[in-house]
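Full structure from sequences and hints, please.
Residues per chain are reported as follows:
Protein chains: 4
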Amino acid sequence: MIQAGIFGATSYTGLELISLLDAHPQAGIAFAASNSMAGKTLSDSFPKKPPLPLIPPQEADLEQADLVFLCLPHGEAAAAAIKALEAGCKVIDLSADFRLTDAAVYKQWYGKDHPKPELLANACYGLTETARETLPGCSLVANPGCYPTSVLLALYPLVKAGLLHGRLIVDSKSGVSGAGRKPKESTHFVTVDGNFSPYSIGRAHRHLPEMEQVLQGWGSKQTGMLFSPHLLPVSRGILSTIYAPLSNDTQLDDVYDLYRTTYDNEPFIQLLAPEATATLAHVVHTNMCTIGMTLADNTLILTSALDNLLKGASGQAVQNMNMIYGWEETSGLIKTGGDHASY
Amino acid sequence: MIQAGIFGATSYTGLELISLLDAHPQAGIAFAASNSMAGKTLSDSFPKKPPLPLIPPQEADLEQADLVFLCLPHGEAAAAAIKALEAGCKVIDLSADFRLTDAAVYKQWYGKDHPKPELLANACYGLTETARETLPGCSLVANPGCYPTSVLLALYPLVKAGLLHGRLIVDSKSGVSGAGRKPKESTHFVTVDGNFSPYSIGRAHRHLPEMEQVLQGWGSKQTGMLFSPHLLPVSRGILSTIYAPLSNDTQLDDVYDLYRTTYDNEPFIQLLAPEATATLAHVVHTNMCTIGMTLADNTLILTSALDNLLKGASGQAVQNMNMIYGWEETSGLIKTGGDHASY
Amino acid sequence: MIQAGIFGATSYTGLELISLLDAHPQAGIAFAASNSMAGKTLSDSFPKKPPLPLIPPQEADLEQADLVFLCLPHGEAAAAAIKALEAGCKVIDLSADFRLTDAAVYKQWYGKDHPKPELLANACYGLTETARETLPGCSLVANPGCYPTSVLLALYPLVKAGLLHGRLIVDSKSGVSGAGRKPKESTHFVTVDGNFSPYSIGRAHRHLPEMEQVLQGWGSKQTGMLFSPHLLPVSRGILSTIYAPLSNDTQLDDVYDLYRTTYDNEPFIQLLAPEATATLAHVVHTNMCTIGMTLADNTLILTSALDNLLKGASGQAVQNMNMIYGWEETSGLIKTGGDHASY
Amino acid sequence: MIQAGIFGATSYTGLELISLLDAHPQAGIAFAASNSMAGKTLSDSFPKKPPLPLIPPQEADLEQADLVFLCLPHGEAAAAAIKALEAGCKVIDLSADFRLTDAAVYKQWYGKDHPKPELLANACYGLTETARETLPGCSLVANPGCYPTSVLLALYPLVKAGLLHGRLIVDSKSGVSGAGRKPKESTHFVTVDGNFSPYSIGRAHRHLPEMEQVLQGWGSKQTGMLFSPHLLPVSRGILSTIYAPLSNDTQLDDVYDLYRTTYDNEPFIQLLAPEATATLAHVVHTNMCTIGMTLADNTLILTSALDNLLKGASGQAVQNMNMIYGWEETSGLIKTGGDHASY
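Protein chains in written order, with the numbering used here: chain A, 626 to 968; chain B, 626 to 968; chain C, 626 to 968; chain D, 626 to 968.
Check each hint, because a few of them may be wrong.
The list cannot tell twin chains apart, which means a pair is met if one copy fits it or any two copies do.
Stated by the list, open to error - Straight-line distance between alpha carbons at most 20 angstroms, and here's what the computed EDC-like set of lysine to aspartate or glutamate pairs gives:
id: 1; residue 1: K737; residue 2: D669
id: 2; residue 1: K708; residue 2: D686
id: 3; residue 1: K809; residue 2: D669
id: 4; residue 1: K665; residue 2: E810
id: 5; residue 1: K732; residue 2: E743
id: 6; residue 1: K732; residue 2: E684
id: 7; residue 1: K807; residue 2: D878
id: 8; residue 1: K737; residue 2: D889
Quick caveat, the hints were computed from the structure, so don't treat them as lab data. Note that this is a predicted model, so its numbers are computed, not measured.
What follows is the structure, encoded as structure tokens:
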């Protein structure tokens, strides 16, 4: 049994993490820190959550924690990570602070110098299914972004096998919880209800360099990837529709076999039969990533769905914790859920 | 370990039940019967569900089942119950067929003779928290209606203490899954989205006689209860706002103490502090019934919320199964969930 | 052709008003004032709106306006009304500042002294259908609250005829635009989506004294009215379910005839056949108030629906302007709309 | 004043058309025919609609109509068109029956022989902004599909100018009303709410050959277009995100100028500033098509939004009627609306 501390406990990802840890057989909650709600009890504001005291971050006793989860804005997360590592804690950072390996790229996309560039080389990029060798025992995990998780898991077998022949186009759609709990005009119910809107399309979103870095690491030669996020009028879930050019003679069955070989034993990846498509109903409230594939005009169209707060954030963070400590990978995680939508 | 059979497995309540049984430590699934989808595998149509074969109801082998759950329309349920009881199975019926104790009232509200009136006296009305003495060992449980569960749990302490002084007005609101999975114009997305509509208001809904019968059984003298259901543009959840006249000198604190005494150890009832109000966000995806109370002009206004598919149907059915067999009452049931709405 | 100025132009009611005035044959827009967005052009932020310059309120040239609409918070509205009246403008105030005739009641419910109590006697309460004698030529109209409009129009014939025999219970449900455009946790999409929540129930909401005052003015003796508002997960619309006790011998047909007589020639009231119920789909995006009635246990259950931004605010404000100037009452107003929900 | 008859009056497009014609200054309604609801009055089932008698299609008196609108399934529409043309009526067909000019392509995609191939050459493809020369006086208009309208209007200037250099990828998202009023499991509220799902992606949707035919007619050499429709949890609206490869040296400003020149005087096209993106909130409840453009990696990313029932169906049909008769193009059509979403 280890004890985990949470910074940013009242963010959506922090709240989700608390539900997961509350039911986890091998991990307890050392503390739940929150700037905005310190002094309150969690269940007072969030009736479904356990009655944890919320403490100010500066009062967090790192001595009592074996591991900390950082559900903080970028910049703040790096500072907290440094302190936690110094105190001997392991760190799983859900922010973007340790995802990019190059401090110059970080500065370009996040507009400021990285607070601790020398740590970047130490961080393990926690796309769990692709990081089985680096995660065990790792002390600093950069938990992947929600969009990148949906896109990279869908592309991993293809890219590793060298089958991608050309520029990627990724058209992604996310629910509103991805925008965070802070009220903004763009997340007002009246703004979102009945609406659907693209944002930061092309080569403008911060998840783009994260994806390109990982793809390159897998040997991809593609450049100029286009990435178009859209805001869906739903609370949870991401669906990415990915257009991946193949060489002329590639057959769908061969690609499908490749994916089946790669993912057959993965507890959190559901590979659909060829031509079937992933939907949010496959994944919401679970830690699954569901992947479908269709071939048309030498282009593999992948549909990849996940719950942005679970497999896209806190669920994957717990999966990574399980890997760090060598526990059963599914420990404390949800594979199936109770919703009834049939497609 | 007992084996449970399910009739009506592809109804919303059947599907919910399968998710619960699939995770239940003491109960397995003997068979899943479905008229409309027999021959298919459950997970083909409902990707989050286990890969159970769906069999035609007439092929269900009752010898293999210790207990059957009936997720069938009224009328059909009674016929299936008779066969299952004869085969020695225990029966938990989620339909209305055994809720009314008087066959004449059944005929009046359901428009046909009851198929087996002599069984009505045997059935235990499974409003779990109020049926602790009759459930253990019971062979035929009439699982309460979704609206009645929300209303009766909110009124139980008040009525048993004789504090209700006058006619009840119940204004209830339900999500669309309460109307069943069969596509109808009234459940079409375009009809429901952005809409809100009353139906069967006054003394017209079939859940009215069910509630009046139970209230009378608890000693209530009230007559002429008004019950107004409304359809909410949400998938799951019921909220009932109940106007209960008290005598002039009743104090809110005393009523609150009465409820606390009654419900303090109940695992599935959350009593809110006086003046706080229940919402769907308290309960959706859990087996909880959350109750709030406010006093104004000698009227106790109760707000009572539950998930119509869990505490209002399949969750309560599992809770009743746990009671029949003397297991831990919370076995296989969800108390808290992952949603983030803060009120 | 008159010129109308708008204060609070970027509030939901202000925006709605601008759409109505933009299409009004007898009224032009003198200016659109906004504190938060002064200096911008309206269509830049709201792409469906006309390209009006937004000016700071203090720069509004009242000389150019014949009439001003106040879409301001209470308190601010009274101050603006005083200035506009002094400048010779007519005023239609959509806030609560001139609805209560008694400054003491205002202080009790709004927590501060009324800024100009001597004006209260001058204001005409603009529930249009009931104010045909006072509106023509009136210089200060207190536009009714959204909830009161739905409730009072449904009760007017009954109360005027002296048929109400007892205490009213009003269970109301409103869409989110009623809470205003300012982002708050309670209006965040993730908070509202899939949720339904009561608030300020019993005798706690500021619209309660407004309704009681008007009912009393119509001769009602009822006291202790209960009023329970709830927040619906829709953008627009209010539905009030009203429980009005009648004397024992009152027949539904007689009540219906009374309503038909009262409302038959009203362009913006749709009276449904007995037993039919009003829904949001009847009224959203129109200036209609739709009313249904059912009798049960000597209680008339009225369902009353309107669009909170049109008949409940800006539509009624334009209707009142039409009355002030003696124009066709329907001028510039929408009776029917394009939505397809069939109930 | 002409008289228009409507077949399929109770479909979503029929209902929308009736609202438009009801308010049209130059067109009256000769008859409203409906198979499923013949004998009823329209307003009984659809409370916001006018009280038109619904007649069986075979009783429609074509002598009384100058023009008929066909809101019928494909196949049925062609049969009705033949009869109407023989009776001397003009025909605007909202189905797919006269959109494809090649009967062999029709058979390939619609699975049956075209009922009257010799008429295909006579039909004018009614993408209004691109058909100004053929529409006046035309007797048979093939009203474009909803998806094609959003895609083709966005591509028209680019393709006509020969700037498209490569294969198109179109990722489209539609509201549920596009799937029709007939209740199906896929349009059940519980299936759609909180969900998002791709369907018929790649080269599988019937709107693909329609788009390729038109693009070819404009001189495009591209082949192998990919088209991926998705179902959005909203009632109305389509947003298409279009990836159009350009040659290396094309500048965004030049493309923008080209579009401005082409569309500057179009009443129903709103061209956004470069880098801005279209959303459903721009267009729902209006007849507008809003277009945004972004350039990245030599690819023009177009976002194109419209209301699928207005500009994507009945609104464009009325626009086409206006053109046939030489009336003001905007006659009876809505440019701006009352919703408040700000993006």
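The hints, checked one at a time:
1. In this assembly of identical chains, the alpha carbons of K737 and D669 never lie at most 20 angstroms apart, being 37 angstroms within a copy and 30 angstroms across copies at closest.
2. In the homo-oligomer, the alpha carbons of K708 and D686 lie at most 20 angstroms apart inside one protomer (11 angstroms), although the nearest pairing across protomers, at 59 angstroms, exceeds that limit.
3. Taking the shortest alpha-carbon separations for K809 and D669, only the inter-copy value of 18 angstroms comes in at or below 20 angstroms, while the best intra-copy value is 23 angstroms.
4. Taking the closest pair of Cα atoms, K665 and E810 come within 20 angstroms of each other only across two copies (17 angstroms); inside a single copy the shortest separation is 27 angstroms, beyond that limit.
5. Taking CA atoms no more than 20 angstroms apart as the test, K732 paired with E743 passes inside one copy only; the shortest distance there is 14 angstroms, against 62 angstroms between copies.
6. For a Cα distance limit of 20 angstroms, the shortest separation of K732 from E684 qualifies neither inside one copy, at 30 angstroms, nor across copies, at 44 angstroms.
7. Taking the shortest Cα distances, K807 and D878 never come within 20 angstroms of each other, neither inside one copy (46 angstroms) nor across copies (36 angstroms).
8. Within a single copy, K737 and D889 get their C-alpha atoms no closer than 42 angstroms, and across copies no closer than 42 angstroms, so neither meets the 20 angstroms cut-off.
Going down the numbered hints, you'll see the structure goes against 1, 6, 7, 8, while the others check out.
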